[in-house]
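Given next are the chains, with one letter for each unit.
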Amino acid sequence: MIDDVLTIKGAGKKRADLDVLCNVSLNLRAGERVALLGHNGAGKTTLMKSILGLTEIDDGTITVAGAVPGSTPARQMTAYLPEAVSFHKALTGREQLTLFARLSGVEKSKVSPLLSRVGLNEAADRRIGTWSKGMRQRLGMAQVLLGRPKLALLDEPTSGLDPVSRHELYAIIDEMATNGTAVLIASHTLSEVEARTDRIAILRKGVLVANDTLEALIAKAGLPIRLRLRARDGDTDHIMQTLGGRRINGVSVELTCINSEKMQHLRQINELGDMVEDLEITPPKLEDLYRYYSGEKLQ
Amino acid sequence: MITRILAIASVEILIAMRNRWVLMATLIMLLFSLALTFAGSAPSGMLGVDMLTISVASMTTLSVYLAPLLALMMSFDAIAGDAERGGLALLLSYPVTRGEILLGKFIAHTGTLAFAMTIGFGTSGAIAVWMGGADANSLLALLRLVLTSILLGSVFLALGYALSALSNSVAAAAGMVAVLWLVLVVLFDLGLLGAVVMDGSGIFTQKVFPWLMVANPADAFRLWNIAAGEGVALATGMTGAADSLPQWAAPVSLLTWPILALLAARFSFSKVEP
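Protein sequences appear in the order of chains A and B.
For the first sequence, this note's numbering puts the final residue at 299, and the numbers step up evenly by one.
For the second sequence, this note's numbering puts the final residue at 1274, and the numbers step up evenly by one.
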């Protein structure tokens, strides 16, 4: 595909006889935001480093807009935000960003607006050693924005950020995607990337176990919906006889069903009339969905 | 390519200045060379014409230990430190090659050493001139000392990078450079000396020993300074080894070492997976 910015075909990597990556295939189109989920050690960072050409894969191929990972054209097109990014403490933010600008052939005049863009213009001339973790993360984001990359690889970009900064970060990611950058965001929490990505890819022990939109993943997983009813005094047993389920706290009954059975259950509950005082419907939680695909037992 | 090397170098110089490395290295060189200049003039009883010659001899002995030490202390962190802090992966995601990163650091660190050596040894020279204890020959010896000290330092800078790239952590790198310093600067000579004592005046002492000696950058540095300055040679009592080697041996060794060491550093850096 011509408009694929990133193409990964059957990527495999072994470390000491252990499959860190196993037959991973993933494509990113221009302007697409894809979440890459997985536990610590699932292979997210290894995959990102393979895309950067820092780690060589044993099997398969990776191309960045047609270029070999690690080649000069590939590096020019790719921006990277490492997990827990750290810069040299003795440098100021402006000096550090200027270095990156010079290395990527971007004019120095772009540095100041970028620092303002991520809210660092006041701290820019102080040494990074005096900065908070969130500020370092913002500087990391500023260097991602240098030179309009075609592909941005963000490894746990929200770690250490407060909710407001997190919101701003996603605004920046959206802006990049609008400008045509394909963004791959690694994270170990689905709830963090949920509404902000177009597609979700999940790695489990080096294997890509899911790669689809959130809606499609929910449908495919067929996870149970939880219905919790509060019974009128003394009617719990009757409700349980009619609907089944299990008793909670003496007065409540909990049922689980899959999406297609939901309406049927609701009709039955309706027939019970006043015996049901309250009803709560809980759709599958994102964390449950993630646990489903990452191979953990549901709680 | 040049812009990228210079970009790395200018940042490294900033770091060296902020870490007080420039200040520390310069102060150390200055203190030692001043001490040796004044101590060196003491035995002669007065500030005679040989003042600078004697202090160049003492400073040569000092520099053999100090130049490698300062260089290794500056370089052991260069790659292991960046890798450990997590900055190396980010740096390598930019269109800059590993060779360019190495050269940038090398230029900055060599510059820092050169500054320290020039100020340190230069001050001694200036004092000697001011006190009338220097002539054209001893000034030439001083200039040679400064330049060869920078060369010697650059060898150990590059060797420090090589070890830094080989080791998994900054702590391991620090340990490895300490061993390297001990082996090349101290133990190597002791080993050779032991071999000479065992051999008496056999083939080894006659033919092999001088070449083994000049193959070591620290000894090549010593031999170059000694062979070139007669006064220095007399003052250090090392004429024997210097005489049995051709004139070019020590300079060739000391000029080749930085290149070999940089190639070694480049090779070991290429194995690093940040």
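Rather than coming from a laboratory, the hints here were simulated on the basis of the structure.
C-beta: ideal position from N, C-alpha, C; glycine also.
Certain hints may be false.
Computed cross-link-like contacts, DSSO-like style, restricted to lysine-lysine with a CA-CA straight-line distance of at most 27 Å [what the hints assert, rightly or not]:
id	chain 1	residue 1	chain 2	residue 2
1	A	Lys262	A	Lys205
2	B	Lys1207	A	Lys9
3	B	Lys1207	A	Lys14
4	A	Lys205	B	Lys1271
5	A	Lys262	A	Lys285
6	A	Lys108	A	Lys89
7	A	Lys133	A	Lys110
8	A	Lys262	A	Lys9
9	A	Lys205	A	Lys9
Calculated Cβ distances over 10 Å to all of chain B for the following chain A residues [said to hold, decoys possible]:
id	residue
10	Arg29
11	Thr55
12	Thr72
13	Thr78
14	Ala79
15	Leu81
16	Glu83
17	Ala84
18	Ser86
19	His88
20	Gly105
21	Met135
22	Gly222
23	Asp237
24	Gly245
25	Val251
One side only, chain B facing chain A, incomplete, derived with CB under 8 Å [as the list claims (entries may be wrong)]:
id	residue
26	Ile1002
27	Ile1015
28	Asp1077
29	Gly1087
30	Arg1098
31	Gly1099
32	Ser1268
33	Ser1270
Results for each hint:
1. A/Lys262 / A/Lys205: violated (34 Å)
2. B/Lys1207 / A/Lys9: Judged against 27 Å, a Cα distance of about 61 Å means the pair is violated.
3. B/Lys1207 / A/Lys14: violated (52 Å)
4. A/Lys205 / B/Lys1271: Roughly 26 Å separates the two Cα atoms, so the pair holds.
5. A/Lys262 / A/Lys285: holds (16 Å)
6. A/Lys108 / A/Lys89: Holds, because 21 Å separates the two Cα atoms, which is no more than 27 Å.
7. A/Lys133 / A/Lys110: Holds, because 24 Å separates the two Cα atoms, which is no more than 27 Å.
8. A/Lys262 / A/Lys9: violated (40 Å)
9. A/Lys205 / A/Lys9: Roughly 17 Å between the alpha carbons, so the hint for lysine 205 of chain A and lysine 9 of chain A holds.
10. Arg29: holds (21 Å)
11. Thr55: Since the minimum Cβ distance to chain B is about 6 Å, threonine 55 of chain A lies within 10 Å and the statement is violated.
12. Thr72: At about 5 Å from chain B, threonine 72 of chain A fails to clear the 10 Å cut-off, so the statement is violated.
13. Thr78: Nearest chain B Cβ is 6 Å from threonine 78 of chain A, so the label is violated.
14. Ala79: It is violated; alanine 79 of chain A is separated from chain B by about 8 Å at its closest Cβ, not greater than 10 Å.
15. Leu81: violated (8 Å)
16. Glu83: At roughly 8 Å from the nearest Cβ of chain B, glutamate 83 of chain A sits no farther out than 10 Å, so the non-interface label is violated.
17. Ala84: For alanine 84 of chain A, whose nearest Cβ neighbour in chain B is about 6 Å away, the distance does not exceed 10 Å, so it is violated.
18. Ser86: Contrary to the label, serine 86 of chain A does not stay out of reach of chain B, its closest Cβ about 5 Å off (not over 10 Å).
19. His88: violated (6 Å)
20. Gly105: About 7 Å separates glycine 105 of chain A from the closest Cβ of chain B, which leaves it inside 10 Å; violated.
21. Met135: holds (16 Å)
22. Gly222: holds (40 Å)
23. Asp237: The claim stands: aspartate 237 of chain A keeps its Cβ more than 10 Å from every Cβ of chain B (closest is about 60 Å).
24. Gly245: Glycine 245 of chain A clear of chain B: closest Cβ-Cβ about 51 Å, beyond 10 Å.
25. Val251: holds (54 Å)
26. Ile1002: With a closest approach of 11 Å, the isoleucine 1002 of chain B hint is violated.
27. Ile1015: holds (5 Å)
28. Asp1077: violated (11 Å)
29. Gly1087: Because about 6 Å separates glycine 1087 of chain B from the closest Cβ in chain A, which is inside the 8 Å limit, the hint holds.
30. Arg1098: This hint is violated: arginine 1098 of chain B lies away from chain A, its Cβ roughly 11 Å from the closest one there, beyond 8 Å.
31. Gly1099: Constraint on glycine 1099 of chain B not satisfied, violated at 13 Å.
32. Ser1268: Not OK, violated: serine 1268 of chain B not within 8 Å of chain A, min 16 Å.
33. Ser1270: violated (12 Å)
When the structure is compared with the earlier hints, violations turn up for hints 1, 2, 3, 8, 11, 12, 13, 14, 15, 16, 17, 18, 19, 20, 26, 28, 30, 31, 32, 33 and for no others.
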